[in-house]
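A.B. asks: Sequence:
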Amino acid sequence: PFFNYMVKPASFWNLLKKSSHYGYNDRAVLIIRTVFLIVLIFSLIALLVPALFFSHGTSIAKNIRPLTYFMAIGLAFMLVEIPMLKYLVFLLGQPIYSLSVTLFALLIFGGIGSISLTSKSDSDFYQRGKTALMVLVISLPFYFWLMGKVSNWLLAYPLALRVLGAIIMVMPLGFVMGIPFAAGLSRYQQRDAMIPLGWAINGLGSVLGALLGAIFTLNYGFTLTAYLGTACYLIALAAFCFGGEKGWSNN
Numbered sequence: 409p410f411f412n413y414m415v416k417p418a419s420f421w422n423l424l425k426k427s428s429h430y431g432y433n434d435r436a437v438l439i440i441r442t443v444f445l446i447v448l449i450f451s452l453i454a455l456l457v458p459a460l461f462f463s464h465g466t467s468i469a470k471n472i473r474p475l476t477y478f479m480a481i482g483l484a485f486m487l488v489e490i491p492m493l494k495y496l497v498f499l500l501g502q503p504i505y506s507l508s509v510t511l512f513a514l515l516i517f518g519g520i521g522s523i524s525l526t527s528k529s530d531s532d533f534y535q536r537g538k539t540a541l542m543v544l545v546i547s548l549p550f551y552f553w554l555m556g557k558v559s560n561w562l563l564a565y566p567l568a569l570r571v572l573g574a575i576i577m578v579m580p581l582g583f584v585m586g587i588p589f590a591a592g593l594s595r596y597q598q599r600d601a602m603i604p605l606g607w608a609i610n611g612l613g614s615v616l617g618a619l620l621g622a623i624f625t626l627n628y629g630f631t632l633t634a635y636l637g638t639a640c641y642l643i644a645l646a647a648f649c650f651g652g653e654k655g656w657s658n659n
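First residue of the sequence shown: 409, per the numbering used here; consecutive thereafter.
Don't take each hint at face value.
If you anchor each label on the Cβ, the simulated ranges turn out as follows [to be verified]:
| # | residue 1 | residue 2 | range |
| --- | --- | --- | --- |
| 1 | Ala639 | Gly519 | 32 to 40 angstroms |
| 2 | Trp553 | Ala454 | 36 to 44 angstroms |
| 3 | Ile603 | Gly519 | 33 to 41 angstroms |
| 4 | Leu448 | Gly629 | 18 to 26 angstroms |
| 5 | Ala564 | Val447 | 35 to 43 angstroms |
| 6 | Trp607 | Ala639 | 33 to 41 angstroms |
| 7 | Phe450 | Leu569 | 18 to 26 angstroms |
| 8 | Leu511 | Leu569 | 14 to 22 angstroms |
| 9 | Ile523 | Ala646 | 44 to 52 angstroms |
| 10 | Ile520 | Ile472 | 25 to 33 angstroms |
| 11 | Met542 | Trp607 | 33 to 41 angstroms |
| 12 | Leu448 | Thr526 | 18 to 26 angstroms |
| 13 | Ile472 | Leu572 | 41 to 49 angstroms |
| 14 | Leu456 | Leu511 | 27 to 35 angstroms |
Result set (DSSO-like, lysine-lysine): computed pairs, CA atoms no more than 30 angstroms apart in a straight line [stated by the list, open to error]:
| # | residue 1 | residue 2 |
| --- | --- | --- |
| 15 | Lys538 | Lys494 |
| 16 | Lys494 | Lys557 |
| 17 | Lys557 | Lys538 |
Because the hints were derived from the structure by calculation, they are not lab data.
Quick reminder that beta carbons are idealized off the backbone N, C-alpha and C, glycines included.
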């Protein structure tokens, strides 16, 4: 969909090494490269400084699985959201409509998904988190295909009905996507010092995910970006389930 984007994927990754032979017309690509490197460096600083000096004895090596988990769900959320924006642009006709509806629906129903875990037992946190991640891994490859079919059917209707249809399409996915973060935090309830680090690594994953989503969309397309988000949820599922229900609390 990016008709004026002439840089091959391999050439884009070479930008991480050098950029002197790129001309004025490629300045937008260079900006993406530069912003990605800046965010990556500052995100690592924001992660490592608290982890090394303010973690109250909690080391990154000791907690690699939970850190991997929060990083993976942060990346996955953004890598799924960006292809969703594309499908809703097709349905609603304007990028600003797609952005508004997607953010509204994801934040509202993701919040409902998170709050649905309130006052649950440790066993319920584990089972519902595991189930939510499994649903995401299994359903995401088909969800966007279904969104495309439903969007084609809704095109004949007025904008108000298309907006309502878009919200209904995002609602179940947003609800399920809101569960993993709350379920992950529940596994830290016996280790309060790790809770801020979990928030931080998830925020880091979200920031990097937004940039990686733009980079992968430009170079490989929306479909592969959605598959990459699914792969991140698969990594999160493995990290969440490793060691069983008591796996994290025993480390």
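A.B. asks: State for each hint whether it applies.
C.D. replies: Each hint tested on the structure:
1. Ala639 with Gly519: 32 to 40 angstroms: Cβ of alanine 639 to Cβ of glycine 519: about 25 angstroms, so the range 32 to 40 angstroms is violated.
2. Trp553 with Ala454: 36 to 44 angstroms: holds (37 angstroms)
3. Ile603 with Gly519: 33 to 41 angstroms: violated (18 angstroms)
4. Leu448 with Gly629: 18 to 26 angstroms: Once the Cβ atoms are compared, 23 angstroms apart, the range 18 to 26 angstroms for glycine 629 and leucine 448 holds.
5. Ala564 with Val447: 35 to 43 angstroms: holds (42 angstroms)
6. Trp607 with Ala639: 33 to 41 angstroms: violated (23 angstroms)
7. Phe450 with Leu569: 18 to 26 angstroms: violated (43 angstroms)
8. Leu511 with Leu569: 14 to 22 angstroms: With a Cβ separation near 20 angstroms, leucine 511 and leucine 569 satisfy 14 to 22 angstroms, so the hint holds.
9. Ile523 with Ala646: 44 to 52 angstroms: 26 angstroms Cβ-Cβ, so the 44 to 52 angstroms window is violated.
10. Ile520 with Ile472: 25 to 33 angstroms: Cβ of isoleucine 520 to Cβ of isoleucine 472: about 31 angstroms, so the range 25 to 33 angstroms holds.
11. Met542 with Trp607: 33 to 41 angstroms: violated (24 angstroms)
12. Leu448 with Thr526: 18 to 26 angstroms: At 35 angstroms between Cβs, range violated.
13. Ile472 with Leu572: 41 to 49 angstroms: For leucine 572 against isoleucine 472, whose Cβ atoms are near 44 angstroms apart, the range 41 to 49 angstroms holds.
14. Leu456 with Leu511: 27 to 35 angstroms: Given about 30 angstroms between the Cβ atoms, the range holds.
15. Lys538 with Lys494: Satisfied, since the Cα-Cα distance of roughly 28 angstroms is no more than 30 angstroms.
16. Lys494 with Lys557: holds (14 angstroms)
17. Lys557 with Lys538: holds (29 angstroms)
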